[in-house]
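With the hints as extra help, turn the sequences into a complete structure.
With our numbering as the guide, the letters of the sequence shown map in order to residues 81 to 259.
Since no wrong hints were added, every one of them can be taken at face value.
Simulated restraints, written as ranges between beta carbons of each label pair:
{"no.": "1", "residue 1": "T100", "residue 2": "G258", "range": "46 to 52 Å"}
{"no.": "2", "residue 1": "G207", "residue 2": "T102", "range": "40 to 46 Å"}
{"no.": "3", "residue 1": "Q99", "residue 2": "D224", "range": "37 to 43 Å"}
Bear in mind the hints are in silico, worked out from the structure with no lab data behind them. Positions of the beta carbon are idealized from the N, C-alpha and C atoms, including for glycine.
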Amino acid sequence: QFGAGTEFAAGQSFSAGVQTFTGSQTFGTGSTFAAGQNFDPGQTFSGTQNFGAGTQFAADAEFATGQSFGTTQTFGTGATFGAGTSFGAANVFSENMDFSAGTHTFSAAQEFKKGASFGDSQSFGAGESHDFSGNAMTFGTGTDFGAPRTFGTGMTFTGSQNWDDDVHTFGEDPVFSGI
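Now the structure itself:
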């Protein structure tokens, strides 16, 4: 068992089995974790890591620029993702995900929940049927939705967007700011 406040150097291997990380820790770049690993709230991953399939992150996890998630993961409320994060499989996102640090790659259809925020110039691509029906999401300037989308209530679209001449469906009370 690893107690709260533990800091791990780069290149650690926790792949022999699921570990117990109590409280929040800081993990150096290049650590490897077993499939099915669970993390308590408030974890900080200061560099890119190698997460096993089915990893579950409790609230407020923070991920470094360039992190890649090749398999399905579960993210608790308020996770923050550094620029250039790549999601290779469908993931389970809770509310208030922060994707605003830059653009990200979503290679499989994702269901985004209430309060998700996306940075400028994010592209969602036409080939994936992403779900934006959750409420109160925020999209930065230059977002490319890639295909007709349906949006929940209270969405905020900042600056000009790339609507691709598609017909979109908007829930109640959308805000179009700075168009």
